[in-house]
Amino acid sequence: MNDDNRFFDELQGNGTAPRAPYQDYANWFHGEDLKDLRRKSSEAETFFRRTGITFNVYGQAEADERLIPFDIVPRIISAREWTRLTKGIEQRVRAINAFLYDIYHRQEILRAGRVPVDLIARNEAFLPQMIGVTPPGDIYTHITGIDLVRTGENQFYVLEDNARTPSGVSYMLENRETMLQMFPELFSKVKVRPVSNYPTMLRRSLGACMPPNASEDQTVAVLTPGIHNSAYFEHSFLADNMGVELVEGSDLRVQNGKIAMRTTRGYRPVDVIYRRVDDDFLDPLNFNPDSMLGVPGIFDIYRAGGITIANAPGTGIADDKAIYSYMPDIVEFYTGEKAILENVPTWRCSEPDAFAYVLDHLDELVVKEVHGSGGYGMLVGPAASKKELSAFRKKLEAKPGNYIAQPTLALSTVPILTKAGLAPRHVDLRPFALYSPRGVEITPGGLTRVALKAGSLVVNSSQGGGTKDTWVLEDD
Amino acid sequence: MLGKTAGGLFWMFRYLERSENTARLIETGFRIALTHPGGDEWQSVLQTAAAAEAYAAEHGAIEQAKVIDFLLRGKSNPSSVLNCIANARQNARLVRTSITREVWEAVNDTYMRAKEVFARPVRDRDLPEVLAMIRQQAALVRGELHGSMLRNDVFDFARLGTFLERADNTARILDVKYYVLLPSVTQVGSSLDNVQWETILRAVSGKRAYAWLNQGQITPMGIADFLIFDPRMPRGLRYSMTKIRSNLAMLENSYTDRHPCHETAERLDRRLQTGQISEVFDEGLHEFLTEFLSDIGQLGREIETDYRFHG
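Protein chains in written order, with the working numbering: chain A, 1 to 476; chain B, 1 to 311.
Since the hints were derived computationally from the structure, they do not count as laboratory data. Beta carbons: idealized from backbone N, C-alpha and C, even for Gly. Hints are supplied without guarantee of correctness; some may be wrong.
[To be verified] Pairs of lysine-lysine residues, derived as BS3-like cross-links and limited to a Cα-Cα distance of at most 30 Å, are as follows:
hint, chain 1, residue 1, chain 2, residue 2
1, A, Lys419, A, Lys35
2, A, Lys40, B, Lys115
3, A, Lys35, A, Lys189
4, A, Lys35, A, Lys453
5, A, Lys40, A, Lys453
6, B, Lys115, A, Lys419
[Unchecked claim] Which stretches of chain A does chain B cover? Using the computed rule of at least three CB atoms under 8 Å from a CB of chain B, they are:
hint, stretch
7, 247 to 257
8, 263 to 275
Okay, chain B solo, but in the shape it has when bound:
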């Protein structure tokens, strides 16, 4: 496979994952704003989406309608849902020869729908439907990938993009809210905190799963443990890291060559397999997350170099 193609696949799926995650963040923010007006939820959402600075530069003060519009279709926001979908499709065009017609048509269809829906600002009453559509379209592309693609290096690079983006996103959700989970600041049981925890779980579609696993025992440490160390949580750090490691292992096997990215992925995966949430809290949740974010940033760059995405 061409290095350029590997890069195109990796980024196509990173962008798709990002569009879905941003849609989920908006969904959560919108819900919290409706049920608990007067909070500063939108500021956290912007921070999590790494769009706070760009937003401030363009609009200044936080205003719900402007934030939503900026996140969905802001021209100057490179990670807006519309820009992510357009980038995913542009990458899909670039790698058109390595994906099936099914995958291409799914991503092209996503783009055409997004372009139509985002031609003008989305009205509040249409927002839930539009956000659901974004999630469903991302699921459609993923489904076509699973149902129609060979399990070869093409598939591995697509999955690497998905899980690297997902790990990054979940870590950022946690990091923006880490202070809520710290025992020193938290007064367990207060309604504000329940809202904040709920936000975290909703943003990763993990509210039901967490409640089911923990019989309603919602604790800060429990939530952090669930999102960082639980091997069953598909949007969690450990699950994502294990996937990254296994897709890299497949590449190592089929190509019979080993690179620095393999070392890094194994080291990160081992740490998540053996780590304990109590240690993380002892050493500092924020420090742990900052290090994790920087580690997967490095891993992404290593994958780019090791598989020759660029000249």
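Bound conformation, chain A alone:
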């Protein structure tokens, strides 16, 4: 099945027999009829449509609610592998929070010369308004999504830290629900750790971060940009499953030193807001004055201890792609330990030597915009045509500081079900970590994104990627 040995296949490694974590699944699979599985696969699509698990595509008509394609072959991670990953993630989440606290307070790491001052001071993701502000419980990133890729039996890399408003957790949960409905018998053969209590954990975690000036009811709410946002389904899904209100900026206002929501019985205070609105749009009085999505004055209430905003404003400075390359230093600086999870080697085009190297090796590298996301504005050198390469070279030369470059990673593959049977496709993994004064909690699982085109390394849903259910096994 896996004839391309440059890539590690998670089902059978570089051999021909299933690796241990996939053994039970493979046994089950061989007893199944391919036609039957294909039928199940289209059932899954109907299930997603009926449930309304869709995302809106920007700039398209309302009718264009898309489904993210779902593949019925699970991605399986052993208990041992997971233990190592969670240690690495926990270490990273704690380091990111310590870094954020430091950057917005004494800036020891800059004084120690471990991160260049310019990188912070001139960074658009740095929020000067946050200087000296201490969020409730010192927690900045209540929710973090760490993107991991695998290249071998024991090689995992962190591709990106998502410390702003990471999305995708609803897919982690709904993918599992779908699998449970379609293949109940499979879950009695393979012991998979459950993910379903994520909303409860999130509610508890947010509840543990009450602001100093909390109301008696200790109310939590989810703030969405609205029904047309591409991730609206997820926002309503999370509010629904946590049992909290889903609010828009227009439902909120400042009242008596608190943020209050307009209910059928008048305005009621809100204490914790899990916002899925970017910093820029949060408060037209303090940030982007044109924003219609936020709440005028919310940042002043925040500074005065009237509300907790999760994640805190200004966390973008920790997941900026230019900061990323310093993460090993950051982890070591704050935890005193070596980073458990490796970073992908990164050339910063702002540095002349590195930039020269990148220009010389453009056709081998992946070049990303420092502030880009969603796979937009990215060059995958080995897959680019001569014309694309030279066009990108011009953009790069015009503004080198805007880019970083990384080697093209040999992302691992996991099979998907195609018409012809199983076929390997490249994947990544986004586990979700919650952080509160109670500690770091990581749901055993995550969002596995999969490139559906053979050979493609781009897994983003906006670029035609799909998802898989991610299984963490109970024991090895």
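Following the hints, put chain B in place on chain A, whose structure we already have.
Same frame as chain A, now just chain B:
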């Protein structure tokens, strides 16, 4: 509950009710046109659906196929069945956190079916089946609401939307046809009039019930009495008004606050409980209906303000 959510629930169920009522109007119009060709039934249907002006602007002269298409899926008709269902679903998305998965899936399923069926004009031979599907889907959503939802404020706002729309619709059916029921114009027993009465009763699914209650004694006053004052007729004005009053009373109890909408609802309900059809005919059926329509319009606006649907 958020004021916005209350508004979303109210409108979700208003739109659903409207889609069902429009489907019923088309069903009636189609039947009358088949059995009594040459009438101007489609003009009344358009008027009842408050779509006559929009239709005239787009198509001009009345043509059955165009009228049906306009009512089912006309893009410029905000109350077309398809637009109503799309609006109901959009509101359901807005209030997704306050309805059960069952209710959401029922309304989403309704939308997906409607989108498929209304992708192209419906052929005459498919029309009965399509209209039945719309009615059944509305019943499915209502059934899921009854079977799976808590009886709390969420339920009350959903029901308020349903019955306000229903009262409005039945009053409009009567008003468009009021002249048929007036003794001065009516020659009792003529076949044309039987058709018109039948239309009214069919449009509210009340033909069998009326016949059963009245032993075949069909009189204009009897029909008006049945639709306005009979407390047993689920699509009638009195029944709808009593429901509105009782759902508002539940809100008053659970929220322990009283608003102008409570006064209005009680006044309207009292009038229907104590009113007599002979008085209505004496003072003018059309005048009575016009006043009723304006009263429930006001009630709707009061509910919006009193429960803070908007900022």
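Outcome of the hint check:
Distance restraint check for lysine 419/A and lysine 35/A: the Cα-Cα separation of roughly 9 Å lies within the 30 Å cut-off, and the hinted pair is therefore satisfied. As the CA atoms of lysine 40/A and lysine 115/B are separated by approximately 24 Å, the hinted pair is consistent with the 30 Å bound. Distance check on the hinted pair: lysine 35/A and lysine 189/A sit about 22 Å apart at the alpha-carbon level, within 30 Å; holds. Proximity of lysine 35/A to lysine 453/A is assessed by CA-CA distance (about 21 Å); at most 30 Å being required, the pair is judged to hold.
With a C-alpha separation of about 21 Å, the suggested pairing of lysine 40/A with lysine 453/A holds against the 30 Å cut-off. Between the alpha carbons of lysine 115/B and lysine 419/A the distance comes to roughly 29 Å, so the proposed pair stays at or under 30 Å and holds. A stretch counts as covered by a chain when three or more of its residues have a beta carbon under 8 Å from one of that chain; for the stretch 247 to 257 of chain A and chain B the count is 4, and the coverage holds. Using a Cβ-Cβ cut-off of 8 Å, 4 residues of the stretch 263 to 275 of chain A lie near chain B, which meets the minimum of three, so the contact claim holds.
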